[in-house]
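Input sequences plus hints: build the corresponding full structure.
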Amino acid sequence: MSSVASPVLQLHNITKTFGSLVANDNISLTLRQGEMLALLGENGAGKTTLMNILFGHYVATQGHIEIYGKPLVKGSPKAALATGIGMVHQHFTLAENMTVLENIILGTEPIFRLRHHLSTARAKLLKLSMQFALHVDWNTLVKDLSIGQRQRVEILKALYRDVKILILDEPTAVLTPQESDKLFTTLRLLTGKGLSVIFITHKLKEALSGSDRCVVLRHGRVVYETATKGIKASTLAKAMVGGALPEIKKKKSTTSSQQLLSCSNISIFGSQHQPLLDGINLHLFKGEILGIAGVSGNGQMQLADMLSGMQAPDSGEIQLEGERITHHTPREMMSAGIGRIPEDRTSTGIIGDMPVRENIALEHYQEPGLSRFGLLKFGSIEAYAKDLIKKFDIRCPSTETPVRNLSGGNIQKLILARVLSRKPIVLVASQPTWGLDVGATAFVHEQLLQAKLEGSGILLISEDLDELLQLSDRIQVLYKGKISAPVSPDQVNAATLGLAMSGHLEEFSQQIGQPAP
Amino acid sequence: MDILLFFMETGFWIATIRMATPLIFGTLGELICERAGVLNLGIEGIMAAGCMAGWTWVYFGGDLWGGVLFAAFIGALFGLLHSLFTVHLGLSQHVTGLGITMLAAALSSFVFKMLLPKATTPPKIIPFANLDLPWLADIPFLGPILTHQSPLTLLAFFLVVLVSYLLYKTPVGLSLRMCGENPLAVEAQGLSVYTIRTGAVVVGSSFMAVGGAFLTLSAFDAFYIGMVNGRGWICIALVVFSSWKPWKALLGTMLFAAFDAMQMRVQQQSAMVIPYQFYLMLPYIFSILAMVIMSRRAAYPKALLIPFRKGER
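In the order they appear, the protein sequences are chains A and B.
Following the numbering used here, the numbering of the first sequence begins with 1 at its first residue and continues without gaps.
Following the numbering used here, the numbering of the second sequence begins with 1 at its first residue and continues without gaps.
By construction, these hints were calculated from the structure, which means they are not laboratory data.
Bear in mind that the values here come from a model prediction, so they are computed numbers and not experimental data.
Watch out, some of these pointers could steer you wrong.
[As the list claims (entries may be wrong)] Simulated pairs of lysine to aspartate or glutamate, EDC-like, Cα-Cα distance not exceeding 20 Å:
| hint | chain 1 | residue 1 | chain 2 | residue 2 |
| --- | --- | --- | --- | --- |
| 1 | B | K302 | A | E96 |
| 2 | A | K205 | A | D466 |
| 3 | B | K302 | A | D144 |
| 4 | A | K229 | A | D212 |
| 5 | B | K169 | A | E109 |
| 6 | A | K78 | A | D169 |
| 7 | A | K423 | A | E446 |
| 8 | A | K238 | A | E206 |
| 9 | A | K205 | A | D464 |
| 10 | A | K386 | A | E367 |
| 11 | A | K482 | A | D314 |
| 12 | B | K310 | A | D169 |
| 13 | A | K143 | A | E96 |
| 14 | A | K78 | A | E109 |
| 15 | A | K182 | A | D464 |
| 16 | B | K245 | A | E96 |
| 17 | B | K113 | B | D221 |
| 18 | B | K169 | A | E96 |
Below is the structure:
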């Protein structure tokens, strides 16, 4: 149907530069009525920038946009909304301390009206939610909603504005497989009613199953454009990466019976006494990667913080090679042999304004090799940094460069270098490939497998199910602070893990033939 | 416990409400700024500028309400300056606010000295008379308390109701609160964060200045250098105490003022066993304690102190 429908939106030769970086390079794009367009590309390919220009967050350096044949006012979300463009951002633009209704009606009324016309708003929302099966309680605060529900609010927010074109930026990044399916059902309902949808993604499967047409961006350029029907995943992947996908080596079991880390009956409570970790038991063996699956916010952060000494458990015991380390400080944890790859690498992994050299020495500058009598040995630190930069191929102009100027992939390499060069007994890796491109991801995976070969035990906390299934020797699922029994990745697939991740632990246990935790 | 009988006196309550008035204006003003995501540490200086502006207007022959308006106008100007730096240029709200305080306070003293270089005692004006509402005065106990007040006090109470209504019941209040919670959400809904924040800071600052004008046009009848005397800082604490809610702000200012009024009375009545400085300290100790208790669960506006820059990444 897409081939006959008329174009609703045309982007002509859009170029956008940030300083010397060219984010979008002469991009032209057409969207037709009732069409579902997938905008594919690696991180940093310029997908989000392009959509932000379309929605008016950014102003294009060159080029113009036509909607229904008329030029679109540049740099104004207001104009974009008025002409019928709505956007669901990857990081939702919702105020958590306000109700769903307040978030939706914001900006839809004349600003100096003396009161809200809430009954009209409710009536309209009710109609929309019936029509598109988007059910949310209007009066709850956004902070009490799940991620999936918040996304529905974002979609409703756009629909409430009577948009004709909906842009979704990485809509499935934070969803479980089941929630993703539900989202695509909704989107199909929308295109069925004549709306046009653009969704940004880097997941090939989604583009293949969800879209009518795919446009692939690489380094800010459109490199490939095709109707989705009949296209192969490998063709798209090649276009995305600009070559064949790096193959992940078949993993080899090196697990020994020697137990490195054990957590028994660990509980941590939040400020309202709600359990964040609820009686966790896990055991990590030498030469093993233990995957922890789950949607962020189900206790992953607490687990990682606890093992790096930043938060002590309220009850339970942690042992490293038989020794109690329950109440160790972060430094004691490090010197005991627990290394960490933090989830939020820019805020807790590095100090952005300090040079590469100092960031490399950050976790053990006080040790003999790097300092003496409480004074830093700059020569040794410099040599050490240079050595690691070479070994781990960290691309940086010099050891003096402030780390924040490095790309995400290189920052992650630096963190890997810092922790792996110390041969940790246990490595806690939280979302180690989050936001990295394919090349950097492959590097991280390789390094983790190498560390495992060398006898480290690795706790891999990740939201990426493919990654977990590929790398892990055993997988446990965290949901609302509870952890499932370990399963072998051969026993499960993404769908069964998805069940456990969305709280259906009973069904999950039945499917894998083990008792519920 | 004879000394505690002052709770029964109308005089005590009259004093409490009078002392609360400048704090109500200041706290409301600060609350409006912070709800939009901008901390305004210029409050102490803007109140001083308000004292000065109101008094000058009246001293040179203007009428009292004209003085109030003039003070509000001067406050708005300083608010505009603050928002230019913090909202449009995205500079540090702390540094800018302290700068505004120093500038405004020093300018007020400077202009005062320029206008009246030879004055040895501060020249007086005729301040606001008490409310003349005979039908109200007849109510026992409450009547005298309410009528022995300046019309500005009435205005302050009215503003609490008005601000509360605007914040929670109207589109402009919703977008203002949203600016303090998530500016990106405001932009994504097609509104201008810059305009809303600037408006909030300008209006908030004019409230602060009117609080200052109350001191010269109602509480006292002359301008003294340093007469704001830390009231601005107290307002900042009271905003936290109030969890950014207008009605709780009113409660907080009344509590603080009651402690202040009480310490004066206790000071007069008790035998001088305890040094008077101790009583002077009481309201502040109260405010620290109240802050500790109340602010533990306070939900800050999430985007407070965070500048919004359009089109950056």
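> Taken at face value, is the distance from the CA of E206(A) to the CA of K238(A) at most 20 Å?
Replying inline: holds, 16 Å
> Is the hinted pair K302(B) and D144(A) satisfied, with a Cα-Cα distance of at most 20 Å?
Replying inline: Satisfied, since the Cα-Cα distance of roughly 16 Å is no more than 20 Å.
> Taken at face value, is the distance from the CA of E96(A) to the CA of K245(B) at most 20 Å?
Replying inline: holds, 17 Å
>> Need the status of pair K205(A), D464(A): alpha-carbon distance at most 20 Å?
In response: The hint holds at about 14 Å.
> Do the alpha carbons of K113(B) and D221(B) lie within 20 Å of each other, as the hint requires?
Replying inline: Given pair K113(B), D221(B) holds - Cα atoms ~17 Å apart, limit 20 Å.
> Taken at face value, is the distance from the CA of D212(A) to the CA of K229(A) at most 20 Å?
Replying inline: Distance of about 7 Å is within 20 Å: holds.
>> Against the 20 Å threshold, does the CA-CA distance of K169(B) and E96(A) hold or violate the hint?
In response: holds, 19 Å
> Is the Cα-Cα distance between K169(B) and E109(A) 20 Å or less?
Replying inline: holds, 12 Å
> Quick one, are K482(A) and D314(A) close enough, alpha carbons at most 20 Å?
Replying inline: The hint holds at about 15 Å.
> Would the pair K143(A) and E96(A) pass a check requiring their Cα atoms to be no farther apart than 20 Å?
Replying inline: Distance of about 5 Å is within 20 Å: holds.
>> Would the hint linking K302(B) and E96(A) be met if the CA-CA limit is 20 Å?
In response: holds, 9 Å
> Given the hinted pair K310(B) and D169(A), is their alpha-carbon gap at most 20 Å?
Replying inline: This hinted pair holds, its Cα atoms lying about 19 Å apart.
In this structure, every one of the numbered hints holds.
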